[in-house]
Structures are given as structure tokens and as C-alpha cells.
Amino acid sequence: MEDRVKQQARETAAGASVPHESAVLHVAGEATYVDDIAELAATCYIALGLSQQAHANITSIDLDAVKAAPSVVTVITAADIPGNNDCGPIIADDPILADGLVQYLGQPIFAVVATSQTAARKAVGLAEIEYEVLPAVLDVATGKDQESWVLPPMCLRRGDAEQALQAADHKLKGQISVGGQEQFYLEGQISYVAPKEDGCLHLWCSTQHPTEMQQVVAHALDIDFNQVVVEMRRMGGGFGGKESQSAIFACIASVAAYRLQRPVKLRLDRDDDMMVTGKRHGFEFDYEVGFDETGLIQGARIEMAAQAGFSADLTGPVVTRAVCHFDNAYYLGDVAIDAYSVKTNTQSNTAFRGFGGPQGALAIEYIIDDIARTLGKDPQQVRKLNFYGKEDRNTTPYGQTVEDNVIHELITEIEESSAYCARREAVAAFNRDNPVLRKGLALTPVKFGISFNVVHFNQAGALVHIYTDGSVLVNHGGTEMGQGLHTKVSQVVALELGIDIEQVRATANDTSKVANTSATAASTGSDLNGKAAQDAARQIRNRLAGFFAAQFEVAVAEVTFADNLVSCGDKQIGFKELVVQAYENRVQLWSDGFYKTPGLNWDRDAMQGSPFYYFAYGAAVAEVVVDTLTGEFKLLQADILHDAGNSINPAIDIGQIEGAFIQGMGWLTSEELRWNEQGRLTTHAPSTYKIPTITDCPAKFTTRLYQNLNVKDAILRSKAVGEPPLLLPFSVFFAIRDAIASLADNRINPPLHAPATPEAILDAIDALHAEAK
Amino acid sequence: MSDSLRFMLDGELIELDRVEPTRTVLQFLREDLLRVGSKEGCAEGDCGACTVVIAELVGDVLEYRAVNACIQFLPTLDGKALFTVESLKAADGSLHPVQQSMVDYHGSQCGFCTPGFIMSMFALYKNNPAPTRAEIDDALSGNLCRCTGYRPIIEACMHMYDYPAPQASDAQLLEQLRGLQRQQGMSLELEQARYYAPSTVDELASLYQQNPHARILAGGTDVGLWVTKQLRELPLIIYLGNVAQLKQISRRDGAIEIGAAVTLNDAFDEIAGQYPELAEMCRRFASVPVRNAGTLVGNVANGSPIGDSMPALMVLDTRVKLRQGSTVREMALADLYLDYMKNALQAGEFIEAIEIPAREEAILLRCYKLSKRFDQDISAVCMAVAMRLDGDRVADIRIALGGMAAIPKRAALAEACLRGETWDETAVRNAMQQLEQDFAPLSDMRASASYRGRAAGNLLYRFFLETRPQQPLGAQAVNVFAVTG
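Chains as they are written, first to last, in the working numbering: chain E, 18 to 790; chain A, 574 to 1058.
Check the hints yourself; a few may be wrong.
[Unchecked claim] Calculated pairs, BS3-like style, for lysine-lysine (alpha carbon to alpha carbon, straight line, at most 27 Å):
| # | chain 1 | residue 1 | chain 2 | residue 2 |
| --- | --- | --- | --- | --- |
| 1 | A | K802 | A | K915 |
| 2 | E | K190 | E | K394 |
| 3 | A | K802 | E | K84 |
| 4 | A | K915 | A | K894 |
| 5 | E | K717 | E | K401 |
| 6 | E | K139 | A | K802 |
Read the hints as simulated data drawn from the structure, not as lab findings.
All chains, full assembly: derive it from the sequences and hints.
Set out below in C-alpha cells:
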């Protein structure tokens, strides 16, 4: 085993499971995160004063005691921001510091800057703030009733859903509730800012979007973009939580550093991090579906209400993606979708792996589950019946043709490999014999669209340098948050140049190297930046090939790069040697590279177009056991088959799939966000907010990659793998529902809400018993 | 007169004067030594990113224990050896087996939790040459990873023994630690803060009597948070960890006496040995690093309504031994708790030990914990029941619950309605109704009052199913965590 791993590590070609480029640094404690950077002399530290009301006018602020506290250097309020007091990514409704009005409990009002972090935190408590309390909207239902929106409602229509419902043999109505989710990146939000000469700033910021941080900081300070450099080597996790919401901290730290002309660090205490920042959007769904005797869907109408929180942030694109994933892998006939971005006086919800897609897709899976039970069928049959066709029934509600459908083959394969049918019978047998414990089984599919829904974000740049010792440095617009992006990009460059991966070093994202980058988000990191880096490497390779061809008088097209050698027939030279000669002959040994995803279009108003370059597919089978007395459950077995195309790095891809599975399972089971009547988030630390731990990883856990080539010319014909597998643990949720339904002979649909905590499960059981009476 | 703090780190003696008593080990590492491998993820001992290993002299051997550096006060390291993630590489720069295994099995993604995992794995490597999956889970139950889903980490743990063992001997460190052991107490005195670590119970009792406002510190798994989260000042601390007598577990005619400085893990090993029915509660109590630092008596003294040890201890008729100056008195554990976070301790009085009586013959005992997560979660409801049957009649029954009231509390009405009754469906249904009268639970982020009420009743029913005279059900039929296939 050891030898195999080491041998793979020596291989250069993509497709090898080389370890994460920082693995050795990680295990040695030598990987540098922002808080680990050796501090500059005179560094100051910030703690934030947060609103204690969900919605209120601030009638007075007395910060005298704060300013007089030991070690305090200054206190920053909205009035101290020289430029725009806004850090919203799309719409200008996100104050950096509250100015007169607070809109959620936890909103930053002031920032204490002190010579120690503890002193800053202690001083925060000395502020005297008086509020005039205003009515607060704390839940989606109330906000929807009051038509309280952060953005106008969205609407998608295909055909005439009303008429299809009228005409359908069977109709079903229902409600579905799914909670939000805290990203819980292990490294909290942090920005460290050093002032530079001539009004410039250097930021080390844990962010998925350095370019946006550069822009919002420049706006806040009213300076040019070229005065701000943002550098990001690695994050200790992001998951979407550091896409837009690193901005507020970057801005506050920058305002302080700019004003004091001293280095300033803003590292949040975990509780403050969770109180201030937004989470995955919780959704409430109201649906009606029409179907025939067999379970074939003829039309569906759904209202989706997302908890946006107090501002728009990324809610627009999140809700758009929810709308565009309501179909998941199914052809739905006539469809009417209305989607609401509900304004509530809570944290402004934001990106989280899947970005609305999981919520939208969960709704259709729930509906199909309901249809199956209504007709007395195994949900699996109804799922298969409704899958997109290959030649017909293959247009999504938003008008894109599904050209790469492999869901039928993939499902057939996993049904077999997981012994689904035999286990379905075994589960039924277990349930016949067990009054207290019940088992449940579910197989759920995934189809997930890849690309940013905003066409122009689908671009990337890279720089590749070859030095005269043959070592290579690659810099690109993506950020490393653990997903292995730098490893994959390095593999692409090594493959292109025919050299060992050890020769290639990926470096920190830096806005002064590659400009105008997109967020590392929407699972597009490798697709975009891999292609851009390949383009850069290819240009240098072409120059080297040309030089080689001239030297050896061979045809350029026949020059090959492999095994650290450049060859043509019997002519051969070491890569390093060639590089030295090329340099001496004044061949440019560095290049930029650029990529834009082809063929995308999207009409935002009509909600029609082809927003996705391709789709990624997958499926999972989960088996659970549920305690019908307490609502506790345990995942006994999970089998996954997932389509990563021609995987660049199977170990990394499997790591993404398994990690997303467990993370998504947390969202749907143990991770519960609760706010009290005052709007205070009461689950704001790991003591009260429970992400999965090691025992939650099932004893039987099999993950395999589906053998497939991307039909589109994505990087090395691979497929994006960051977000799609987050939908795989739907299987866990529906297995729990299956177990509960067994108590009423699978005739009644258990009203199970997500997250399926023991309490939610027991509630569903009690409701089922009540209905069965 | 202030002593200097002395401990070993990577073979070097660290000797510090003027240590702020509440400075955490993590602050010291990151801010003073610039050893930034250990990370802060939560500053409350709940994520494990800061995990370090402490080696302590126990008799003639070294005990290696993983603890959370974020809530461990620096002075508590006195006389011990500290290992951090930076300590593990060999002199030639090669990785330790636990590190190499994590690389080879792809156990890190973002890497931020990794140093903490490495240190928990290092402690496991030192303590267990062939762990099962369940033992791996236990050892790593205090480490959160948000990226991997844990499967590759489990695999790395399984395979870390495949690599050549590092050339290391404890002999030198043993010798060094012997040289650091104090014959007398230790004190640190600053202008604003004092810290005393007495070495005898008498010294402790007298110190506390003279300074009844002092904060007694044992494991610090709660007091640590007062500092890191509530930013409280603790001007005077008396630390129990150097009192050898309080670190004793003694057995007398089957009774177990557990001293105030015995860690939860050591105490639970003993208790679960005698009461295997409590093993799951012991396993699910916090995590290994918390149980390595925290003490059982600390949990009892804290008296939190959600402390998991108390319901079981109460139904076992545990007694507490209180000490004030030279005065010693005893009382039943159940009488210690007066109201929310209020107890019967007088000024300057502390719990010296608890005594669990010898196992009653034919006792039927269970302890059930309900929470959102199996590992390291705070109970919504924790119920312990101890019952003796006389034929099919309930000769005696004790039921205690946590999470249901302002204090851990016996279910007096439910107990009363069962005593002397035939142990059957009717009786248990009646008792479930009485249980609703016994408690008026609160709704909070862990569960609603309604859930707590229903679940508590159902747990009593589970106990009935497991202990009924006819066709009792095994754990596999009532406990999802006992189901394997």
C-alpha cells in the first residue's frame, strides 16, 4: 500500500492520486494560515461590538469607557469609514458598520482596536448603546406573509402547470421545511492588513474571493483598486462562507489599518463569527404535483421561500440555483415555480456548498417520495420512471437540453453494487420483527449543473514561470481551501510540460499577479483555473517545442514532452537542459493563460437559457436504523457512485465526495440553527451547533467513481466535484423517512422536516401515529 | 514568594517566571513561542484543533494524554512534559508514523484541524498498539473535521502502525520529570493574580478556608471557558492537580472512593468496570481530551443540570465527602443540589471525594443519553434508572434525570408509584404519567419541553422493555447505537 501511494506520488500524469500539495505541511503543523503569519511590529487587534437587538434604531452610543479602557488605541464606527459604508457583493445593502439602524442581532456596530486581542474583547463590553426597538421578522413564514423581500420574486413557467394539474389523474399537495446550515470552516474569518507606502494596503485575508475583497476595501477607503493587494495562500475551510462574507472583516480591518497606519488583525472569536455571518439559506416549500397511475409526473407547481436574512448578499443567485435544481434528475412536464427571497432580521444568508441547488433538489425528491407512498410503490421505481430521457423528455424547465445524461446507467450500476433490492427485502424483514427499532433504505440520484449562473464570471487567468533550474511556478485566480485545487492545477501543468509534479509549485492567490479573478466557487475552480494554467503552460511548451525543432531540425508537431524529457524520434534532451538552452537563446519561459467557458447563456428575467456547461451525476444508497421511542438514528451503511468525469486525482475527488456526503448529512440531521424570540442565534458555537463527528462516519462506507468522460472539453475531460456530492446524503434523510413510514405500513407520508434531529424524527413519528389512528 | 513554572518541551526545560495564571497553553505556544502549528478553532474545547499531548509521571511510568490547549491553563503544566505537532518529526526531518499515515491515506484537506488530529492520533499511538474502529472513534471524538468526512482519517489510524516505529525512549524524559517533581506546593504570585497548587489535602483545606473566594481549579474544562468566553478575571486560583491524595481511587468492600482530582477517564474506567451498563454514558461524556483534563468530582461540584455523570451517580446512592478546614462531613449526592447552580457547600468547603457504594446484588441499571449527536454533545435528556425486583414486583427503584429541571433530580412521583408494584406494562405507563408531574422541563436550543417530556417517558418505557420479566429485549433491539449490521 505504502509503495503504491509513493509510486503514484512520483507519477506526473493526471489521473494519479498524488497527495494534497500541502499534506506534509498540514501534518507537521507547518502550513501557514493567516493567523500564523509572523506578526509585524506594532500590530493591533480588533474586537467587534455587536447589536443586541434584531431590529432597532440606535438612539445613542456612548463609547467613552471603551476608548478609555486599557490598551485600547481607537474605536471605529460607521462615521470613520472614508468611502462607501457597504460591502454587499451585488446590491449595496450590506453596511460595514451599522449606521443608526440595526437589522439583526449580531450586526457589527463598532470596532475596538487595541494592542492585545483580549484587551479589545474586554473593552467591547463597556459600550453603552440605547435602542429604539422596531418590529422584527424572525422567520420565513412571517416574512412571506408580509411580503418582506430583499429582492423581487422570481418566476419560471414552462407550459401550463395549472392545466396539467387539473388534467392529472392524481394530485398531491404538501409543505416541506428545510433548515439552514452554518459553514463551520475550522479556521474562522480573519483579515490581517498592513499599510504600505503611498496609501496602499496589503491584505492577508482568508477568502474565496480575493478580487472582491480588493474591490470592497478600495470602495470603503475611497481609493483605487491598484492600491490594494490581497494575498491568500490557503484557507482552513471555506464552503462558501468566505465567498462574500469575508468582506466585512477585510473592510473593518482595512479602515483601522488605514487610519492608524499600523498593521491590524481582525480574527473573530468563534461565537462572534457565528453571530455575525450568514449561513446556508433555510427554505420553506409549498407544492402541488400532478401524476398518473404509475407515478409519472405530469405537472408541478411550487413556491419556494428562502430565508435571505437582512440583506441580499448572494441570495439572488442562490435562489436562481434553487429554481434551476428543482428538477434534479427528472423531467417534470409543465412547471410553475415562484421563488421568494424573504427578508428577515437575522444574519444575511450566503453561499454554502451547493448554493441553493441542494434545497431545490431536496424538494423534488421529497415530492417523489410522497408520490411513491401515495401510490404504494417503492420510491425507487417512481424515481426511475421520471428520469430525464436521452433523446426526448430531456429539456429542463429553464430550457437547457440535457446532453450528457448518464443517470440511467449510473443508477443501474449502483442498484447492483449496493444490492439495493435484496437489502430492501432485508429491511422489511427486520421491521416485521422489531417493534422499537426500524430500518430504512433509500437510493437518491444527483444531477448538478456546473458553471456560474452569471456568464461573465466563467473566466480565469493564470501565470506559469519556468526558471532556469527547470523548476516551475504556477499562479492562478483560484483559492485553495482544502479542495485540492492547487494540486490539480499543478498536475495539469506537470502533464502539459511532461515533468514530475515535484517540479511544480503552486503559489498564493495574489491580486497583483492575476487580476479580476472570479470567486473560487460554483465548483468551477479546477475547470476554470486548470484550463487557464494549461493554456499558459501550453504556450511555453509550444515555444520550447519550436526551439527544440529548430535546434534538432525536426517537425514541431512531433516534439513530445514526457518523463522530464523532450523528444522527437531519437533526438532527446532533458527538460532542464532544454530550458537553459532556451533561456540562453532568449526564448520567453513564462506565460499568462486565459480561459472562458464556451456556449453559456442566461436570460435572468425569463429564467431561460443554457446556464450550465455540463452536468455532474451521482447516486447514493443509505441504510439507517431509527429508534421510534426517542427519534435517535444511526447510519449503518452508505454506498456512493459518483461521476467526476475523467478524474484528475481520484483520491482528491473521493475526498470531496465523502466529505460532502458527511457534511450534507449534517445539514439534514444534526445541524440545527435556532433563534430565540429576541432573534438571538442560540446555536453559535460547537457546544450547541453539532456538525458530524467521527462516529457519524458509517462503518460500511463505499465510494466509487463512475467511469465516464466529460462530453464537453472540460479540463482533461474531468468534471467538477466540489458541490454535486452534497446532494448524495438525501439518501440518509429519505432512509430515515422510510424507516418512520414503516410504522404505518408505508401508507402515510411522515411529515419529517430537515434537519431530522431526534426531536424532528419523534415529531414525525407521533404525527404518523396520530394520522394512522 | 513566587515559584517558577517548570515543564519539558522537546527535551528542553522551560522555566517561566511571572506567568499569568489564566494564560492558556495555546496562547503561550502561539503568542510567546511562535509555535503556531496548534490552532484555535473554538476556544472552548469543542473542536480539537488545538489538541496537544501532555506526558505525566504516574508512579514509574509516563502517561500520555491528549488535552485541549485552548482551555488548559499554562501553570497546570508544572512538572509535566508537553508535546505539540511540532514535536513529532524525527531529527532527520522524517515524519512520525501518524503523520506519514495521514499523508499517505489523504487524511487532510484544508489542514486546519489536522494538527489536532495528529496529536490525538499520537496519544492513541502511544497508548494503544492495535485500536478497533470503536477505539479510534473514541480517541478522535473530540476532533472536528469539516472537510474529509473522517473515512480517510480512520484509515490512517488503522495503518499508522504499519510504519517503522520511531527510535524513542521514555527513559530520559522520565528522569527529567522526576527532577521536576515538587515536595511542596507551588505558588505563582503576580500583582493582579495568584495561583496556588498545594501538594496535600490539609494544605488545600487550610488555603481554601483562609481564601473562600478563591476559585478551585481541577481540569478547567468549564473554568477555562469563563476566561476564554466570558473574559472573567480569576484573581485567586487553587489548583487541585498536585494533591496526590486527591488523585486516588480507592476500593473498600466493593465501594469506590474517587478523589477530587481524578480525571473523568480514570474515574469512568473504574466505574464502567463495576457497572458495564454505564459504559455508553462514560463513552459519550464529552470527548477524550475533555475527559483527560476534567474530573468527575468537578462535574459533580459544578452541579450543572445537564451534567451527565450525576443521574447515574444519584441512582447508585453516591455520597459526597465534604471538607472545610479540618472538618469533614458527608451527604447524599442528591442532597447536594439546592437550585440552579446552587449547592449545599459552605464558604471554604469543597468536595474531597465521592463514594459509590458496593454494587447491590441483582440491581438492574441503565443510563440513557439523548442528544443530537453521538459524540461530544450535551444531553437534551439523560436518564438513569436502578431497580431491584422481588419476583415480578419492584422492590426498589431510583430514577434520576438530567436536562429536565434546574438541577439533576430524582423522579420522586414516578419512583413512588412503582415501588411495590408489579413490573408490567400498566405500571410503567402509570409511571410515565407520573414522570410528567415530576418535571417541568424547559425549551432551549437542544430540545423543546415537549420533546424532553415525551422522550423521558419513552426512555422509562425502554427501561421497561429491557428489564421486564417476560421477554426482555436486548440492547440491539432498543438502542440504535448497539445495532451493527
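Structure-based check of each hint:
For the hint pairing A:K802 with A:K915, the CA-to-CA distance comes to about 22 Å; that is within 27 Å, so the pair holds. Between E:K190 and E:K394, the direct Cα distance comes to roughly 18 Å. Compliance with the 27 Å bound is thereby established for this hinted pair. Only pairs whose Cα atoms come within 27 Å are accepted, and A:K802 paired with E:K84 is accepted, the gap being roughly 22 Å. About 17 Å separates the Cα atoms of A:K915 and A:K894, which keeps this hinted pair within 27 Å; it holds.
Annotation: proposed proximity of E:K717 to E:K401 holds, straight-line Cα distance about 25 Å (limit 27 Å). Proximity of E:K139 to A:K802 is assessed by CA-CA distance (about 10 Å); at most 27 Å being required, the pair is judged to hold.
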